[in-house]
Amino acid sequence: MSDAAAHEFQFSSAEHRRETAISGIWLFLATEALFFGPIFLSWIYARFADPNAFDAGGRQTELTIGVTNTALLIASSFAYSVGLAFMEFGSRRGMVLWLLVAWALGAAFIGLKFGVEWRMDLAKGLFPGANFSVHGPSRNGAQLFFAFYFFSTALHGLHLLVGLALLAWIIFQARRFTAERHSPVRVVGLYWTFIDVIWLILFPLIYLIGRAS
Amino acid sequence: MTHSAAQVSYLEDGHTLRSWLLTTDHKRIAILYFVAITFFFFAGGFAAFLMRYNLLSPHGLLGSAETYNRLFSMHGILMVWFFLVPAVPVTLGNFLIPLMLGARDLAFPRLNLLSWYLFMAAGFVALYAVVAGGVDTGWTFYTPLTSLYSKGHVVAAIVAIFIAGFSSIATGLNFIVSIHKLRAPGMTWYKMPVFLWSLYATSVILVLATPVLAMTLLLLAFERIFGIGVFDPAIGGDPLLFQHLFWFYSHPAVYVMILPGFGVISEIVPAFSRKELFGYKFVVWASIAIAVIGFLVWGHHMFVAGTSLFSAIVFSLLSYMVAVPSAIKVFNWIGTMHKGYIHFDSPMLYAIGFIGLFTTGGLTGLFVAALAADVHLTQTYFVVAHFHYVMVGGMVSAYFAGLHFWWPKITGRLYPEMWGRAGAITIFVGFNLTFFPQFVLGYLGMPRRYFAYPQQFEALNLLSSAGALVLALGYLLPLGYLTWSLLYGERASANPWGATGLEWTTPSPPPTENFAVTPIVTQAPYQYEQPEAASHE
Chain A
-8 MSDAAAHEFQ FSSAEHRRET AISGIWLFLA TEALFFGPIF LSWIYARFAD
42 PNAFDAGGRQ TELTIGVTNT ALLIASSFAY SVGLAFMEFG SRRGMVLWLL
92 VAWALGAAFI GLKFGVEWRM DLAKGLFPGA NFSVHGPSRN GAQLFFAFYF
142 FSTALHGLHL LVGLALLAWI IFQARRFTAE RHSPVRVVGL YWTFIDVIWL
192 ILFPLIYLIG RAS
Chain B
3 MTHSAAQVSY LEDGHTLRSW LLTTDHKRIA ILYFVAITFF FFAGGFAAFL
53 MRYNLLSPHG LLGSAETYNR LFSMHGILMV WFFLVPAVPV TLGNFLIPLM
103 LGARDLAFPR LNLLSWYLFM AAGFVALYAV VAGGVDTGWT FYTPLTSLYS
153 KGHVVAAIVA IFIAGFSSIA TGLNFIVSIH KLRAPGMTWY KMPVFLWSLY
203 ATSVILVLAT PVLAMTLLLL AFERIFGIGV FDPAIGGDPL LFQHLFWFYS
253 HPAVYVMILP GFGVISEIVP AFSRKELFGY KFVVWASIAI AVIGFLVWGH
303 HMFVAGTSLF SAIVFSLLSY MVAVPSAIKV FNWIGTMHKG YIHFDSPMLY
353 AIGFIGLFTT GGLTGLFVAA LAADVHLTQT YFVVAHFHYV MVGGMVSAYF
403 AGLHFWWPKI TGRLYPEMWG RAGAITIFVG FNLTFFPQFV LGYLGMPRRY
453 FAYPQQFEAL NLLSSAGALV LALGYLLPLG YLTWSLLYGE RASANPWGAT
503 GLEWTTPSPP PTENFAVTPI VTQAPYQYEQ PEAASHE
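Protein sequence lines, in the order shown, are assigned to chains A and B.
In terms of the numbering used here, the first sequence is numbered consecutively and its last residue is 204.
In terms of the numbering used here, the second sequence is numbered consecutively and its last residue is 539.
If you're looking for bench data, these hints aren't it; they were derived computationally from the structure.
Please read all numbers here as calculations on a predicted model, not as lab measurements.
Ideal Cβ placement from N, Cα and C applies to all residues, glycine included.
Example chain B residues on the side facing chain A (calculated, C-beta under 8 Å, incomplete):
1. V179
2. H182
3. L184
4. T218
5. F224
6. G231
7. G238
With the rest of the complex left out, here is chain A:
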């Protein structure tokens, strides 16, 4: 739809359209929550079979990178919400600046996760299969852990990439938005923050539970 059209013909006003978009994204996030749900459930369930072996896998992860990445993501969402606040006050410039910060922090997460951490994991022979490097009684449980690890971090990373694309789109479209009309900024922000929420559940599953026992 062009910028000139205040709203499509199924809506009674621009406000009506805005509310509808916000309802839509919340419902989408509910879908996403159930999309990731089976991983979390299976993960916790799988650990029950042989907790010691499963945790032996968990202890092979890179805690420092995990903590750094968690901080990066939370900071990125914070930057995004500051950007949104600027938009609400009508400052397009402020929004773009803070969204660039949010984008950079998100990109740093991706770089650290897949460029550094995954590379280290693979070098250590932690990908499940014949060449898996953990031997002895913990071998099977540790492999199960790393099957979950690679699967879920890849999927989370994919969501982050989509988020980065959306952020870039918002930044390039910034001139369309005003203090009154900027629901795409809000919609993308909800998605961007939701990816953090997923990470905040993955973080203890990956890095903490194995070390706690």
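Got chain A; can you put chain B on it based on the hints?
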């Protein structure tokens, strides 16, 4: 209603291919879906027909158990994900939801078009999987057969279902938001037609259950591609976990298939009984109850798979509970017909067939929900007959009922009524002839999914295959006369059935923007008046 000449019907608004393939009009998207699911219905039906052909002889006429396995897998996959799940929502739902709401379109028209493209992409991948050689896993994809042993094109089939799932999610999301946000002024929740409530309940399941299936299939694909994964018992994974996750989607999906049918029947029974729907609020809340309880019964598919006795008892009781709201609906439809002025037009014939067949399917469901009986009946033809009574006898009848009821609105043409009635009766007879013998076969112990069987089952199998021939004829009839009516059918008036509901206040076929002026709703739905002739009792 005023039919100003300025209003262009949605069918006349653009004749190019582009005006169809890039449309955001919910009515045109519904037509695009009609074409697609009709194709998949006949493709899946053809597979079933070959299966019944094979079972004419105790030794199997196809000569290969492997071929038979691939046929029933194809039949299940195409029928479940490419016909039954989408059927009513994406066609009648897409067409009617905005019209019934008094809205001009769904909340997210472009998302609606995207969902069609996703569906088509999924369909092509599924067809690729079939043409490349198919899968032999059944539609349930149980591990470790699927993940580690099967030789078929499992990944392609999974990708197809995964993409189709996102199409479902997009549709469900669009419907829920539209029903919340686009109701015409005055249309309170309790003034909504039951069809809308049913699709609302359906959409809740689509949005909350489909992602679980999507993730489960991704985990399965991971395991198949890398040869190691989370369901792999060799490293301490649990194949039963796959069954839990699969049925967490697939049992609610059964209600995705049947709830829209309930909605269709709830519109048709009052219209052809000239009476208000009996117990409107009960029907409405029964839909919601089915959507909620439907999430809590998945374990009844695993009574013999090694779950604990305690969980089996709980799931058995919950499965009994979900029968209650379904029964409430059946009683309400019968209550509506009681002392009504009943017209036996084709939609009503299908609807009455639906009530009988669905009730049979529902009651036999209680047999398999009972733990002890299930141990005997599970994996036999009894189960096959049970769910076909619900899915085909129930859902497909409801789909045809709705298709005939709204055909004049959708196409602007009337179909030949006598042919319509002949079709409805042929389908009813053919269906019972096909599937009733299967109850008996299952009770006598014939297992499902076998390509050959002992001599003693031959007579009943012959009966069933003969029924399939009648049923196939029954399905070809509407394909013939409905297509004929598109070209030669009489022009339909705005409201040929004299039915209530906002969709009947628009011209047939409706203009692109549906309503020139947003309607204001003041009445509850189903305000039918009984003709004097009916009050002689």
